[in-house]
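Peer 1: With these hints in hand, go ahead and build the complete structure from the sequences.
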Amino acid sequence: MANIMQILPELEGDEMVFVQGLIKDMDDNNAQMFANSYRPRRKDPTTMLIVVLLGFLGIAGIHRFLIGQIGMGLLYFFTVGFCYIGTIVDLINIKKMTFVYNQSQAQQVALMVKGSQ
Amino acid sequence: MGFFNLQVMKKIDNIYSLLDFEALFWIMSLILLAFSNPYSVAHYTLFLPSLLFDIQSPGYGLGHSISHFFHGNIIASFKTHPLGIITVFVLLRHSFILLQKSYKKNRNMESYHG
Numbered sequence: 010m011a012n013i014m015q016i017l018p019e020l021e022g023d024e025m026v027f028v029q030g031l032i033k034d035m036d037d038n039n040a041q042m043f044a045n046s047y048r049p050r051r052k053d054p055t056t057m058l059i060v061v062l063l064g065f066l067g068i069a070g071i072h073r074f075l076i077g078q079i080g081m082g083l084l085y086f087f088t089v090g091f092c093y094i095g096t097i098v099d100l101i102n103i104k105k106m107t108f109v110y111n112q113s114q115a116q117q118v119a120l121m122v123k124g125s126q
Numbered sequence: 007m008g009f010f011n012l013q014v015m016k017k018i019d020n021i022y023s024l025l026d027f028e029a030l031f032w033i034m035s036l037i038l039l040a041f042s043n044p045y046s047v048a049h050y051t052l053f054l055p056s057l058l059f060d061i062q063s064p065g066y067g068l069g070h071s072i073s074h075f076f077h078g079n080i081i082a083s084f085k086t087h088p089l090g091i092i093t094v095f096v097l098l099r100h101s102f103i104l105l106q107k108s109y110k111k112n113r114n115m116e117s118y119h120g
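Chains as they are written, first to last, in this note's numbering: chain Y, 10 to 126; chain B, 7 to 120.
Hints may contain errors.
What the hints assert, rightly or not - In silico BS3-like cross-links for lysine-lysine, where the CA-CA straight-line distance does not exceed 25 Å:
| hint | chain 1 | residue 1 | chain 2 | residue 2 |
| --- | --- | --- | --- | --- |
| 1 | B | Lys110 | Y | Lys52 |
| 2 | Y | Lys105 | B | Lys110 |
| 3 | Y | Lys123 | B | Lys85 |
| 4 | Y | Lys105 | Y | Lys52 |
| 5 | B | Lys85 | Y | Lys52 |
| 6 | B | Lys110 | Y | Lys123 |
| 7 | Y | Lys104 | Y | Lys52 |
| 8 | Y | Lys52 | B | Lys107 |
| 9 | Y | Lys52 | Y | Lys123 |
| 10 | B | Lys111 | Y | Lys104 |
| 11 | Y | Lys104 | B | Lys107 |
| 12 | B | Lys111 | Y | Lys105 |
| 13 | B | Lys111 | Y | Lys33 |
| 14 | Y | Lys104 | B | Lys85 |
| 15 | Y | Lys123 | Y | Lys33 |
| 16 | Y | Lys52 | Y | Lys33 |
| 17 | Y | Lys33 | Y | Lys105 |
| 18 | Y | Lys105 | B | Lys107 |
Claimed, not checked - Far from chain Y by the CB rule (all over 12 Å, computed), these chain B residues:
| hint | residue |
| --- | --- |
| 19 | Pro44 |
| 20 | Ile81 |
| 21 | Phe84 |
Note that these hints are calculated values from the structure, not bench results.
Glycine included, every Cβ here is placed at the ideal spot set by N, Cα and C.
Peer 2: Next up, the structure:
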């Protein structure tokens with residue numbers, strides 16, 4: 010049974026619990042494969058927070074691009090985060106947004122690992 | 007009595023899952039703009055550099071533009087801010103996707119817990 014502390018120790022909180030649930034039935038080989046594929050795909054919550062804060066310096070929307078929301082990202086970029094209002098909303102919501110994105114990435118990687126059996 | 011509480015809790019959870027904070031925020035903002043007067047002169051802005059320096063925000067006029075759009079003044083909307091109309095559609099679509107995800111997630115959890 011794979012242990013998250015061994016293969017993905019940098020995970021915290023909800024993300025750690027979620028991924029542990031995904032890998033608990035994997036053997037060590039598969040779990041390592043999962044970690045190798047998931048690590049480059051996931052977005053680190055702290056990095057995302059810093060990127061949101063860039064919005065206050067006038068460079069808004071980068072975090073939206075990072076989680077694949079191109080339309081919103083472009084709007085944010087050209088309107089400086091809807092005149093900061095969007096940036097403030099995202100500041101409150103960034104943790105949840107990042108978690109939802111990481112969840113879907115983790116599920117995709119888990120499917121890939123199972124599919125390559 | 008305990009069973010009744012469970013049903014109530016489930017219902018509350020169900021409704022709460024639809025209250026995706028971000029989606030609600032955008033929808034409330036659009037509704038607010040739809041009901042506000044686009045011809046009012048008041049310009050509220052959070053854009054600090056415009057207060058400190060003499061520069062105009064690239065998002066200036068977005069709120070009024072959206073308000074014009076909801077009142078049917080397409081040309082006025084475009085003149086006030088060129089991205090106003092696109093913003094409405096992007097925000098609506100984005101909110102819809104968020105609520106859809108939230109609803110599906112809750113439905114899945116429901117069937118899992120039975």
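Peer 1: Are the hints correct? Go through all of them and say.
Peer 2: Consistency of the hints with the structure:
1. B:Lys110 / Y:Lys52: holds, 23 Å
2. Y:Lys105 / B:Lys110: Roughly 16 Å separates the two Cα atoms, so the pair holds.
3. Y:Lys123 / B:Lys85: violated, 54 Å
4. Y:Lys105 / Y:Lys52: Satisfied, since the Cα-Cα distance of roughly 12 Å is no more than 25 Å.
5. B:Lys85 / Y:Lys52: At roughly 38 Å apart (the allowed maximum being 25 Å), lysine 52 of chain Y and lysine 85 of chain B break the hint.
6. B:Lys110 / Y:Lys123: holds, 23 Å
7. Y:Lys104 / Y:Lys52: holds, 11 Å
8. Y:Lys52 / B:Lys107: holds, 19 Å
9. Y:Lys52 / Y:Lys123: Roughly 22 Å separates the two Cα atoms, so the pair holds.
10. B:Lys111 / Y:Lys104: Given that 25 Å is the threshold and the Cα spacing comes to 18 Å, the pair holds.
11. Y:Lys104 / B:Lys107: Holds - the C-alpha atoms of lysine 107 of chain B and lysine 104 of chain Y are around 17 Å apart, at most 25 Å.
12. B:Lys111 / Y:Lys105: Holds. Lysine 111 of chain B to lysine 105 of chain Y sits at ~14 Å (cutoff 25 Å).
13. B:Lys111 / Y:Lys33: holds, 21 Å
14. Y:Lys104 / B:Lys85: Violated, because 36 Å separates the two Cα atoms, which is more than 25 Å.
15. Y:Lys123 / Y:Lys33: Holds: lysine 123 of chain Y and lysine 33 of chain Y sit about 13 Å apart, inside 25 Å.
16. Y:Lys52 / Y:Lys33: Holds. Lysine 52 of chain Y to lysine 33 of chain Y sits at ~22 Å (cutoff 25 Å).
17. Y:Lys33 / Y:Lys105: Between lysine 33 of chain Y and lysine 105 of chain Y the Cα gap is close to 23 Å, so the pair holds against 25 Å.
18. Y:Lys105 / B:Lys107: With Cα atoms ~13 Å apart, lysine 105 of chain Y and lysine 107 of chain B stay inside 25 Å; holds.
19. Pro44: holds, 17 Å
20. Ile81: At about 20 Å from chain Y, isoleucine 81 of chain B clears the 12 Å cut-off, so the statement holds.
21. Phe84: holds, 15 Å
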